[in-house]
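A.B. asks: Listed below, chain by chain, are the residues.
Number of protein chains: 2
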Amino acid sequence: MLSKNEIKYIQSLGHKKRRDEEGLFLLEGSKMVAELIMHYPSQVVRLYATDTFFQQHPAASAIEQHQKVTEDELARISQLQTPNQALAVLRYFTPEEFQQPANSWTLALDGIRDPGNMGTIIRLADWFGIQQVICSPDCADIYNPKVVQSTMGSIMRVNVYEKDLPLFLSQQQVTVAGAVLGGETLGSYQFPEAGILVIGNESNGIRPDVLATLSTKLMIPRFGEAESLNAAIATSIFLWELKRQ
Amino acid sequence: MLSKNEIKYIQSLGHKKRRDEEGLFLLEGSKMVAELIMHYPSQVVRLYATDTFFQQHPAASAIEQHQKVTEDELARISQLQTPNQALAVLRYFTPEEFQQPANSWTLALDGIRDPGNMGTIIRLADWFGIQQVICSPDCADIYNPKVVQSTMGSIMRVNVYEKDLPLFLSQQQVTVAGAVLGGETLGSYQFPEAGILVIGNESNGIRPDVLATLSTKLMIPRFGEAESLNAAIATSIFLWELKRQ
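Sequences listed follow chains A and B, in order. Residues in the first sequence are numbered consecutively from 21, following this note's numbering. Residues in the second sequence are numbered consecutively from 21, following this note's numbering.
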């Protein structure tokens, strides 16, 4: 049985302030949690699931901190309108854990404010095999339960780190590329094997102090009249171009 | 002064049923309406605007059916929370007006249900210079005031037609390409000068009766693990690949 304090504690992780203090967030639903415990068990700090879930997924009992809960208890700790068998508590990646790989690309997000864009960008990173995303501190909260669920599991496979972007980027030895008006036309640029791709804010683009750290300025050419592309759309075009080569 | 009946009539165009009956929809806001009357005056059936707007935009008085309204009157006919100087009534394109151009591509949407995706796809078409979009009858309503406004003016430059897709596509002489699991890898396919690109529903993809009309089956290769890409994202990658060649 769950204690009142434990219920309160898990509920409190629905709030950003508490998540940030604890460095923990929630992932829910039988399908995603089943995938999590199968493939990424080391990320799980604690698992709460119904009897049915434990019976169907023997790996669940191998999670060190696991607890069987009733449907009623699950409903009390869940952030979903329709709780679904399992809730896992996961830990944040700390900024120190990030390592730029020698042979792949990292995505860096500069002030992406729309939670929908954040979720879409994480799914895109996952589709294109980008395993690391750096967020400036003012990005929409990736660990918000709705954003977590909207990534459809991609949040397990894409590691997200929060960093002071200008400082971080200025310390990197790899190519730092970003979309800038008047940059080199995407499609003529040859992407090196590794680098960091910076995506700017929906309305204002990449901020000046981040802009100053770019080694490569690129531009998605416009063939018609629309004023702009949204941040997730721009990300998709950049990542496809990067990978198609 | 606006009559009660006229106010009621314009208000009624906030509803899809009435819009479809009349073949009319609303576009609002000083910036978009100013662009509309400058570049696409023939699309305007009627214009309502404040004195300030008429003073700043002499072209407004050249619209045959134009009427000066007070701020209060504008507030009564507007669908916006913050009405902004001008409201235009535009006519739908009828299905018969569509003509497949010999040297460019048309986009065909098969059951795109999310209004946000519809708006984004219209903006994408505009960015990539695609001037015609065909929608199946069960697509989200492009003439919904919120969708119209979300296109940020692209709805003026992209002509949208509603058609029975399987019938329409089966009658075309050009390449009909679409995204299908197991199709040819995008990036190796050479797009011809003209054709129709079919984008399928967010969850179910292209329907069987539409699938049967495709002459070219393509696939966006996956480099990671995400299960799917959303419809607007897939559209952006296809259009960029089409244009970059």
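Quick caveat, the hints were computed from the structure, so don't treat them as lab data. In this text the structure is predicted, and so the values were computed from the model without any measurement. Every residue gets a Cβ at the ideal spot worked out from N, C-alpha and C, and that includes glycine. Mixed in with the good hints there might be a few duds.
Claimed, not checked - So these bits of chain A aren't anywhere near chain B, every CB distance computed over 10 Å:
id, residue
1, Val109
2, Glu116
3, Gln119
4, Thr140
5, Leu144
6, Asp146
7, Gln151
8, Gly244
9, Ala252
10, Glu261
Stated by the list, open to error - Subject to a maximum C-alpha distance of 27 Å in a straight line, what follows is the list of computed DSSO-like cross-link-like pairs (lysine-lysine):
id, chain 1, residue 1, chain 2, residue 2
11, B, Lys36, A, Lys263
12, B, Lys36, B, Lys183
13, A, Lys237, A, Lys28
14, B, Lys28, B, Lys51
15, B, Lys183, B, Lys166
16, B, Lys166, A, Lys166
17, A, Lys237, A, Lys166
18, B, Lys37, B, Lys237
19, B, Lys88, B, Lys166
20, B, Lys166, A, Lys237
21, A, Lys36, A, Lys237
22, A, Lys263, B, Lys263
A.B. asks: Which numbered conditions among the earlier hints are violated in the structure presented, ordered from lowest to highest?
C.D. replies: Structure breaks hints 4, 5, 6, 7, 8, 9, 10, 11, 13, 17, 18, 20 and 21.
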